[in-house]
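Student: One-letter residues, chain by chain:
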Amino acid sequence: MLNIINNSNDPYFNLALEEYLIKQAALDDDKLILWQNAPAIVIGKHQNALAEINYHYVQENNIQVVRRLTGGGAVYHDPGNLNFTFLLNRDNFATTDFSVLAEPIIYCLSTLGVRAEFNGRNDICVDYKKFSGNAQYLYKNTLLHHGTILFDSDLTVLGQALKPKKKYISRAVRSVQSLVTNLKPYLPGGLNLPTFKQLLAESIIAYHNRPYQEYQLTAKDIQAVNRLVADKYSTWAWNFGSAPAFAYQKELTFAGGSLTLHFNISHGLITECKFYGDFFEQQTVQELEAILTGRHYEEAGLQSLLEKVDASQYIRGLTSEQLMSCLF
Amino acid sequence: MSEKGYLEFVYDKFVFRVREDYLYHKDECWAKEEDNGLITVGVTDYLQATGGMVMVTEINEAGSEVEEGGEIGTLEAKKPTKKAKTVVGLTSPVSGVIKDVNDNMEEDPVQINRDPYGEGWICKIEPTNWAEEKQKLMNAKTYFPLMEEKIKKVIKKFLDEGKDIEFY
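Protein chains in written order, with the numbering used here: chain A, 1 to 328; chain B, 1 to 168.
Isolated chain A (complex conformation):
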């Protein structure tokens, strides 16, 4: 088993590294990565990012949003959270049972006097509270299993950042809210995260009981990961755009009346735009709908588009700023 040393705290890099290792790297051995992120929300493969986050809070607090390859719901990462990733060849490790994969983490905690349990969803809990969310991706003959461990995270920020203010309608995977806790209060006093990380690595290696060595990423590895960051993990298209088709609706009252805006969004594009309501059309409202249709459902782009459009030319009394304010 290779312990891939990854000291980056860049969420884009760290998620791209997982893809690089599962799809591109020519390293045959099973792999372990223990890693940490700067503040970020990491959403599941088939989620709609906008439906999972408090968009304005996330923006104001510089929390990055990044999509991962695995399933399940949104989680919050910060430097108080430790992540583990296993990349396992399914010829040696046929099971994809989450509880089996959680065993080395539970074992490590037992050596520290903490009784942790698997809860049958995909969480590891202590005292009936979740501290670890787990998720998987099967790619050809490799299983990627990863999980979070809340060690000493800011749970207030976590609660705020994962509290969406808007409702969207779609088949996208929704997150399940759980009662969460940090591990630190349960651990022996003075045990810090770097020490815990070391102990966890030792437990995992002991559990898998196979020849083990550390692996430092080469310049070539890093270059390839950075390419994935540029092409995919840092892009709006991947993080926000690649959500399953969804619908968005918003009501607005303004000087000239009231309206309901309806968008259908597919592959990140506004495929349908409708305005209904009680207002006076200056020019036909279909023209305004046509301007928005086919655009990316993305704030900066729509902002600069609407700066060039005078909404009141279509709907009397509606400013472009008011229209912009109800798009997200």
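These are computed hints drawn from the structure, not numbers from a lab. For each residue, glycine too, the CB sits at the ideal point set by N, CA and C. There is no bait here: all hints are sound.
Examples of chain A residues lying across from chain B (beta carbon under 10 Å, computed):
1. G72
2. V100
3. L143
Cβ-Cβ distance ranges computed for the label pairs, FRET-style:
4. B:K153 - A:E214: 29 to 39 Å
5. B:E148 - A:G159: 47 to 57 Å
6. A:A237 - B:N129: 21 to 31 Å
7. B:K152 - A:E272: 42 to 52 Å
8. A:E103 - B:K153: 13 to 23 Å
9. B:V97 - A:A237: 18 to 28 Å
10. A:G294 - B:E119: 26 to 36 Å
11. B:V97 - A:Q24: 20 to 30 Å
12. A:Q160 - B:E119: 41 to 51 Å
13. A:L199 - B:G63: 43 to 53 Å
Chain A is fixed; fit chain B onto it per the hints.
Tutor: Here is chain B on its own, set in the frame of chain A:
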């Protein structure tokens, strides 16, 4: 009694089928050559049974290029008795251009579980190197024992770990 047109491996209440007239890729997908030259692509019974109940799929758009062995999309599935969800990468058995995607999947993704060789097809591909790639695919008779071996291995693992055997 096995259904006509299929090879079957039966273990307890679980039946794993292989459709006899399709071609198979080692990464658990199948190819069927249509009269119009397009290749219909889908996933094997093994993949859906070990993956779980399909909750959502995401297939590359029509018009996009695919390579033999490359990923054409993903599905997210749920184990029968668990809430845990797993993403499964779907491999293309051929190189070419996606011409059509099974739209019904958006409304009813479970049809991959119900009928992986029929209604649960994934997409249709216009192949660019079919004559050559066809040679590398397995027929049902060659694929069947490989599938059988893999299932037995998974079952052994369940038994070794003292877990209930779970397939969809």
